[in-house]
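Taken in order, these protein sequences are the chains called A and B.
For the first sequence, full-length UniProt numbering assigns the number 1 to the initial residue and increments by one for each residue that follows.
For the second sequence, full-length UniProt numbering assigns the number 1 to the initial residue and increments by one for each residue that follows.
If you are wondering where the hints come from, they were derived from the structure by calculation, not from laboratory data.
Hints may be right or wrong, so weigh each one.
Claimed, not checked - Listed below are several chain A residues computed to face chain B (Cβ distance under 10 angstroms; list not exhaustive):
id, residue
1, Asp-41
2, Gly-46
3, Val-49
4, Glu-55
5, Ser-56
6, Glu-94
7, His-96
8, Gly-106
9, Thr-110
As the list claims (entries may be wrong) - Sample of chain A residues with no beta-carbon within 12 angstroms of chain B, all distances over it, derived:
id, residue
10, Asn-9
11, Thr-14
12, Gly-19
13, Leu-31
14, Ala-79
15, Leu-85
16, Ser-120
17, His-142
As the list claims (entries may be wrong) - In the BS3-like style, the derived pairs of lysine-lysine whose C-alpha atoms are separated by at most 25 angstroms in a straight line are:
id, chain 1, residue 1, chain 2, residue 2
18, B, Lys-169, B, Lys-26
19, B, Lys-65, A, Lys-30
20, B, Lys-65, B, Lys-86
21, B, Lys-26, B, Lys-53
22, B, Lys-262, A, Lys-125
23, A, Lys-125, B, Lys-133
24, A, Lys-30, B, Lys-262
25, B, Lys-86, B, Lys-8
Cβ coordinates follow ideal geometry from the N, Cα and C atoms, glycine included.
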Amino acid sequence: MPQVTLTVNGRQHTVDVEGRTLLVELLREKLGLTGTHVGCDTSQCGACVVHVNGESVKSCTMLALQADGDSVTTIEGLAAADGTLHPMQEMFREHHALQCGFCTPGMVMTAIDLVNAHPSGLTEKEIREGLEGNLCRCTGYHNIVKAIAAAHPLMHAKAAE
Amino acid sequence: MYDFTYDKPGSLADAVKLLSDDMDAKALAGGQTFIPVLKQRLNRPSRVVDLAKLGLSGITVSGDKVTIGAMTTHATIASSAEIKAKIPGLQHQASLIGDEAVRHRGTMGGSLANNDPAACYPSAVLALGGTIKTDRRSIPADEFFQGMFTTALEQGEIITSIELPIPEKSAYEKFRNPASRYAIVGVFVAKFPSGVRLAITGAGQGGVFRHTEFEKALSANFSPDAIAGIKTPADGLNSDIHASAEYRAHLVNVVARRAVAKAG
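Bound-form chain B, shown alone:
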């Protein structure tokens, strides 16, 4: 790992300033992806700005939404009785990320800002139609994810919290890589009175995406059978040593049906 200047600012304004003043500065959340990236010398920041002392963790439920602080860890989300009651799919999803020690450090905001195409959370936030709150604005999930490792965030912009509408039903199912535990295909389904939203992670070359054909069929009939006959084209899906695009296209259907069955 190349060396860098480390800062742990105590205010959001100071953190934004440190990150905005230096184009080569990077924000550090839980570090469970970022530190391995630094070790591999895939990134060489001049300055690392630790967001740990900004008071950005915690879960609040009010009315029809759940708000999760950006620095809330996967372990906190996975063990939250409130999340389990309101958005069971998200609680289950968090419990499947990495392993216990990784979940003690990794954060929801860090995962979203990185937008790894095989990360779990982007599927929940997109399927739930959440809002990403930053130091300067609110970004709807439909605009936030802009392709592999790419988001709507500007230089120096820090996610402060994630606001998620509470659905009637939700579930996440993941066909995971047994070594990395990342999703080869992960499907998050959320049923609202206004209709069903379903997002797929791990499969798309452009990162997380909504499957509008599945959504339409499930909005009319919320059952696994409703989507059993819908084929997903392999075009635009990832092909790598873990799974071919054709296999992922097949898995999208299988895993989506499992998610719908699980949502009940």
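Extracted from the complex, chain A is given alone in its bound form:
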């Protein structure tokens, strides 16, 4: 059976997989990181978004073997060791940007990449366009957009420290 070696949330893993094993299956079933969700399984809903080498990727549409040698960050890798939430997580809580929570891990991962990619600022339109690949079926985006706008200055202030 082929093996894949990758770094997930800072820790290196070597795992036996099949050719057809998806990255999201590796994360959830082999590594037990069930924070990354599978919603549509057709790369439309974005519940499975993780970062691969810092970029948002739909982990249901990437083979585990494609991630060999890569660095993957999942929702479990965001909070500090002492439990302090990532500023994006904190702002999602602050602005009530979730209801059932199913889409939240993917929303947060997409949002962090979006904020990282726009250091000089983000308009509401850019935030809404940036969330194109993430579907929420209960809160209806408004508070998610607010949370992301609020997290932007916090994340870039932190980066400047």
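Please build the complex by placing chain B on the supplied structure of chain A, with the hints as guidance.
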């Protein structure tokens, strides 16, 4: 998904050999179409050959042309200042494909090799009169696209780069399906000193095509008004749950005028 043998060769020659030796082997570029196809069991390759380690990504501008490596992602093209300056229509087109996460993985070469009749890039490459470079030859865009999901590529042939002449003006406009973001009708227009080339994706049963009547009128007068009166027959256009052939025929004109207006 059925299982398969996965390979990630480190040289183009090895990749070509793996794909040529096994008729049921398939190349994997960004996988944003191919992996969903595998999940639906629409294809059952014995072997999947990942092209990620062949060094096929990157953008270079030299003289009057832009060369884009086949494995360059939509996100890289959409965020390239060079592409925006030289072929703004292509930069805009790449920014409209899928969503940000899809654009981080999907590649230009993968899209061209698949030649989905509603894909965006075939319209840019055909309208610009580009050249598809492979491991063994150069294929002009006018010969490359041979109908829905069909190209001039041979078994085991791998696209290495796409060479695009720099036009005076270019623009892409898309009337997109709100769910899939594929083009119901997409129009790429390119103005060169020698004349205008205009290609339409999403509409034709045979995939991307050039609209020679529009081209002739726009070469004489590059303005939306020049084509306002030209009717496109519905014969040969797609009819599906998203849009009838008649509606697509109407959209071809509307979207083409928008593209010309945008090119300025």
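The hints, checked one at a time:
| no. | hint | result |
| --- | --- | --- |
| 1 | Asp-41 | holds (7 angstroms) |
| 2 | Gly-46 | holds (7 angstroms) |
| 3 | Val-49 | holds (6 angstroms) |
| 4 | Glu-55 | holds (4 angstroms) |
| 5 | Ser-56 | holds (4 angstroms) |
| 6 | Glu-94 | violated (24 angstroms) |
| 7 | His-96 | violated (24 angstroms) |
| 8 | Gly-106 | holds (9 angstroms) |
| 9 | Thr-110 | holds (7 angstroms) |
| 10 | Asn-9 | holds (19 angstroms) |
| 11 | Thr-14 | holds (16 angstroms) |
| 12 | Gly-19 | violated (4 angstroms) |
| 13 | Leu-31 | holds (19 angstroms) |
| 14 | Ala-79 | holds (22 angstroms) |
| 15 | Leu-85 | holds (23 angstroms) |
| 16 | Ser-120 | holds (14 angstroms) |
| 17 | His-142 | holds (19 angstroms) |
| 18 | Lys-169(B) / Lys-26(B) | violated (37 angstroms) |
| 19 | Lys-65(B) / Lys-30(A) | violated (47 angstroms) |
| 20 | Lys-65(B) / Lys-86(B) | holds (9 angstroms) |
| 21 | Lys-26(B) / Lys-53(B) | holds (16 angstroms) |
| 22 | Lys-262(B) / Lys-125(A) | holds (21 angstroms) |
| 23 | Lys-125(A) / Lys-133(B) | violated (38 angstroms) |
| 24 | Lys-30(A) / Lys-262(B) | violated (50 angstroms) |
| 25 | Lys-86(B) / Lys-8(B) | violated (33 angstroms) |
Checked against the numbered hints above, the structure breaks hints 6, 7, 12, 18, 19, 23, 24, 25 and satisfies the rest.
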